[in-house]
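Please work from the sequences and hints to get the whole structure.
In terms of this note's numbering, the sequence shown has 290 at position 287, counting the first letter as 1, and numbering is strictly consecutive.
Hints are computed from structural coordinates only; laboratory data are not their basis.
Keep in mind it's a predicted model, so treat the numbers as computed, not measured.
No false leads were slipped in.
With beta-carbon atoms standing in for the labels, derived distance ranges: (1) E215 to G251: 27 to 37 Å; (2) G251 to R90: 42 to 52 Å; (3) E195 to P296: 39 to 49 Å; (4) R85 to L264: 37 to 47 Å; (5) H190 to A246: 21 to 31 Å; (6) T101 to L264: 47 to 57 Å; (7) A282 to T394: 39 to 49 Å.
Using N, Cα and C, we set each Cβ at its ideal position, and we do this for glycine too.
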Amino acid sequence: MDDGQAVSGRAATVEMGLYTYPWDLEAEGYAAGVDAIADAGFTSVNLACAYHTGRFLLPHNPRHRVYFAEDGAFYFRPRPERYGRLRPRVSRFVTGDTSPLSALDAARRARGLALVAWVVLLHNSWLGERHPDCAMRNAFGDPYIHSLDPANPAVRDYALALVEDVVLAGEVSAIELESPGAMGFAHGYHHEVTGVPLDALQTELLGLSFTEHELARATAAGIDGAGLRRRVADLLTASWERAGGLTGADGAPTDDAASLLADPDYLAYGAMRTEVVTALGLDLYAAIKAASPATRVRQFAALNPGEVSDDARAALPRLADEALAGYATSDDDARVRTAELRDVMGDKPVLGMIRAIAPDTTDPAILSPRVAAWREAGAAGINVYNYGLMTRRTLAAFAAIAP
Numbered sequence: 004m005d006d007g008q009a010v011s012g013r014a015a016t017v018e019m020g021l022y023t024y025p026w027d028l029e030a031e032g033y034a035a036g037v038d039a040i041a042d043a044g045f046t047s048v049n050l051a052c053a054y055h056t057g058r059f060l061l062p063h064n065p066r067h068r069v070y071f072a073e074d075g076a077f078y079f080r081p082r083p084e085r086y087g088r089l090r091p092r093v094s095r096f097v098t099g100d101t102s103p104l105s106a107l108d109a110a111r112r113a114r115g116l117a118l119v120a121w122v123v124l125l126h127n128s129w130l131g132e133r134h135p136d137c138a139m140r141n142a143f144g145d146p147y148i149h150s151l152d153p154a155n156p157a158v159r160d161y162a163l164a165l166v167e168d169v170v171l172a173g174e175v176s177a178i179e180l181e182s183p184g185a186m187g188f189a190h191g192y193h194h195e196v197t198g199v200p201l202d203a204l205q206t207e208l209l210g211l212s213f214t215e216h217e218l219a220r221a222t223a224a225g226i227d228g229a230g231l232r233r234r235v236a237d238l239l240t241a242s243w244e245r246a247g248g249l250t251g252a253d254g255a256p257t258d259d260a261a262s263l264l265a266d267p268d269y270l271a272y273g274a275m276r277t278e279v280v281t282a283l284g285l286d287l288y289a290a291i292k293a294a295s296p297a298t299r300v301r302q303f304a305a306l307n308p309g310e311v312s313d314d315a316r317a318a319l320p321r322l323a324d325e326a327l328a329g330y331a332t333s334d335d336d337a338r339v340r341t342a343e344l345r346d347v348m349g350d351k352p353v354l355g356m357i358r359a360i361a362p363d364t365t366d367p368a369i370l371s372p373r374v375a376a377w378r379e380a381g382a383a384g385i386n387v388y389n390y391g392l393m394t395r396r397t398l399a400a401f402a403a404i405a406p
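Shown next as structure tokens:
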């Protein structure tokens, strides 16, 4: 059976991918994990190959029921000579000649499953903490260590080396690029404390980054980035001392906020930052295709978590062969997301997504109509999150879903 061909009698025209963490396969055994995934009707295993930290409740992991992941770790063997200042953290699961990616690559062949590399790029607190000069910086100059700066040449070099390495480390049919751009202020950080209420505009402005590389690009483009930074900082400081923040009772921006939002420098600065992410995306695409021409490149529709612009979304067809529409919260939402993203992607495939864990999925009965909604809307495939986080009962529900 060829990679990506249908398994368990399902139609080969609609891919079914299951996001999977290395620590679950390590604990369960790669062959056993692949068998369970294939028996549930999935056509690919989407392995986290570079991933951030987190605390995970694992209802069927035989070794850990609660697991704290290594921060910013690679779950494949990189080529160290390819990296500059930002050196990769290699997981403890990579030993000798074996890595989770290589072990899975061997195991999935017996069941005819495709191998998809799921890669977190610039969301890396481990590197951000060690190289704060490579992280985003807010208007007050504080680094956001959870998000690397896409305008920084060292960050760019790191991201390019990462994607090249991962598609050469296994027979990867597709690579999914998560966080290829800057993140915002809201993240869900460990013991996150915010002592003043923040409206959406305050949160957006707190997520606006002013690194030395971004400010240099702004100056070159004739944008007063330094002045904009001071203005954003002053506006935020003033807003914290008054009730209502930066929006009125009707939800409209206050006069001082509206003035900032209409400022040509503010608009130009935002466009410049989108251009930085787009340029990096084009380079990532070219690097992947040069290393492995057959590997399909997938981008999430939300290129920059927390600051997705129309311009960034419009750039998707140039950055990817396929696009992921995000997690649907209802059957109607699946249809709407597919239609909207197909308008952007043209004739390029759109894939749906299902979060098969709480709070999105508390009753497996919703899964069959949700899969049907994505398929009927024209999604070329569906990615499901996540093998180790879902219950066995939920996994069994997918096996019962007709193709």
